[in-house]
Amino acid sequence: NAGVTQTPKFRILKIGQSMTLQCTQDMNHNYMYWYRQDPGMGLKLIYYSVGAGITDKGEVPNGYNVSRSTTEDFPLRLELAAPSQTSVYFCASSYEQDRSPKNQPQHFGDGTRLSIL
Amino acid sequence: LAKTTQPISMDSYEGQEVNITCSHNNIATNDYITWYQQFPSQGPRFIIQGYKTKVTNEVASLFIPADRKSSTLSLPRVSLSDTAVYYCLVGPILTGGGNKLTFGTGTQLKVEL
Chain X
1 NAGVTQTPKF RILKIGQSMT LQCTQDMNHN YMYWYRQDPG MGLKLIYYSV
51 GAGITDKGEV PNGYNVSRST TEDFPLRLEL AAPSQTSVYF CASSYEQDRS
101 PKNQPQHFGD GTRLSIL
Chain E
1 LAKTTQPISM DSYEGQEVNI TCSHNNIATN DYITWYQQFP SQGPRFIIQG
51 YKTKVTNEVA SLFIPADRKS STLSLPRVSL SDTAVYYCLV GPILTGGGNK
101 LTFGTGTQLK VEL
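Note that the protein sequences, when read in sequence, are chains X and E.
Per the numbering used here, residue 1 is the first one in the first sequence, and the count goes up by one each step.
Per the numbering used here, residue 1 is the first one in the second sequence, and the count goes up by one each step.
In isolation and in its complexed conformation, chain X is listed as follows (with noise of 0.2 Å):
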């Protein structure tokens, strides 16, 4: 198993252009994520889907779109970039099952560095 994928790695763009960033998994999880992490802090939400089809916004969603088509694929979308979304973006996916009590553990991707200038 690959885990979670992230493309491309590393991306320079200039302001207002758009871009999509893609994430895959190949565990079958239900959950997936989508984190930005700025230099020097933690991270913070930025979408998630508990299933094909479903996506909800989560702490910092202004500025990105996300669809989710299939179980393994979670895109995330800037539309018109700006140098504030400079940032390492994180996708994780989980296997959430209903009435568990617990959080299960998200597999995390390697991140994508996105610069803005």
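Simulated from the structure, these hints should not be mistaken for lab results.
Backbone N, C-alpha and C fix where the C-beta goes; we use that ideal spot for every residue, glycine too.
Be aware that one or more of the hints could be misleading.
Computed footprint of chain E on chain X; a stretch qualifies when at least three of its residues, placed anywhere within it, have a C-beta under 8 Å from a C-beta of chain E [claimed, not checked]: (1) 61-73; (2) 104-111.
Straight-line alpha carbon distances no greater than 35 Å define the calculated DSBU-like cross-link-like pairs of lysine-lysine that follow [claimed, not checked]: (3) X:Lys-44 - E:Lys-69; (4) E:Lys-54 - X:Lys-44; (5) E:Lys-52 - E:Lys-110; (6) E:Lys-69 - E:Lys-52; (7) X:Lys-14 - X:Lys-44; (8) E:Lys-69 - X:Lys-57; (9) E:Lys-3 - X:Lys-57; (10) E:Lys-52 - X:Lys-44; (11) X:Lys-57 - X:Lys-9; (12) X:Lys-9 - X:Lys-44; (13) E:Lys-52 - E:Lys-3; (14) E:Lys-52 - X:Lys-9; (15) X:Lys-57 - X:Lys-14; (16) E:Lys-110 - E:Lys-54; (17) X:Lys-57 - X:Lys-44; (18) X:Lys-57 - E:Lys-52; (19) E:Lys-110 - E:Lys-69; (20) E:Lys-3 - E:Lys-54; (21) E:Lys-54 - E:Lys-69; (22) X:Lys-44 - E:Lys-3; (23) E:Lys-69 - E:Lys-3; (24) E:Lys-3 - E:Lys-110; (25) E:Lys-69 - X:Lys-9; (26) X:Lys-9 - E:Lys-54.
Given the coordinates of chain X, work out where chain E should sit on it, guided by the hints.
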């Protein structure tokens, strides 16, 4: 979500036991406590999770007192490779609304020879 407070950084030497304490005074009855480890240029990795008392696995122990207002991650006999950022998270039971764990700034552990 319960707010957590951890030391910003800690230093240790190889072979020592390291204890990182996390405060979570407003933890809810249904919250679990989870710890993650993050190396530079990598995503976080799950270490251990617990609800009360003590939990132990092959890499760490987690001590949770009866009032659950704090927890302590214990790393036995650390090595240079344990140098990383450690995050304490407190999260609710899933209600079908998603797993919205919040990562704070974590504790930067530096292990030296």
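Going down the list of hints, with the structure as the test:
1. 61-73: Answer violated; 0 residues pass the 8 Å Cβ test.
2. 104-111: Per the Cβ count (8), the hint holds.
3. X:Lys-44 - E:Lys-69: holds, 23 Å
4. E:Lys-54 - X:Lys-44: Distance of about 29 Å is within 35 Å: holds.
5. E:Lys-52 - E:Lys-110: Holds, because 28 Å separates the two Cα atoms, which is no more than 35 Å.
6. E:Lys-69 - E:Lys-52: holds, 10 Å
7. X:Lys-14 - X:Lys-44: holds, 23 Å
8. E:Lys-69 - X:Lys-57: holds, 29 Å
9. E:Lys-3 - X:Lys-57: holds, 20 Å
10. E:Lys-52 - X:Lys-44: Since the Cα atoms of Lys-52 (chain E) and Lys-44 (chain X) sit roughly 27 Å apart, the hinted pair holds (cutoff 35 Å).
11. X:Lys-57 - X:Lys-9: Measuring from Cα to Cα gives roughly 24 Å; hence the hint holds.
12. X:Lys-9 - X:Lys-44: Distance of about 19 Å is within 35 Å: holds.
13. E:Lys-52 - E:Lys-3: It holds: about 18 Å lies between the C-alpha atoms, which stays within 35 Å.
14. E:Lys-52 - X:Lys-9: violated, 39 Å
15. X:Lys-57 - X:Lys-14: OK: Lys-57 (chain X) and Lys-14 (chain X) at ~25 Å, within 35 Å.
16. E:Lys-110 - E:Lys-54: holds, 25 Å
17. X:Lys-57 - X:Lys-44: With Cα atoms ~11 Å apart, Lys-57 (chain X) and Lys-44 (chain X) stay inside 35 Å; holds.
18. X:Lys-57 - E:Lys-52: Holds: Lys-57 (chain X) and Lys-52 (chain E) sit about 31 Å apart, inside 35 Å.
19. E:Lys-110 - E:Lys-69: Satisfied, since the Cα-Cα distance of roughly 26 Å is no more than 35 Å.
20. E:Lys-3 - E:Lys-54: holds, 21 Å
21. E:Lys-54 - E:Lys-69: The hint holds at about 14 Å.
22. X:Lys-44 - E:Lys-3: Satisfied, since the Cα-Cα distance of roughly 14 Å is no more than 35 Å.
23. E:Lys-69 - E:Lys-3: holds, 11 Å
24. E:Lys-3 - E:Lys-110: holds, 24 Å
25. E:Lys-69 - X:Lys-9: violated, 39 Å
26. X:Lys-9 - E:Lys-54: violated, 39 Å
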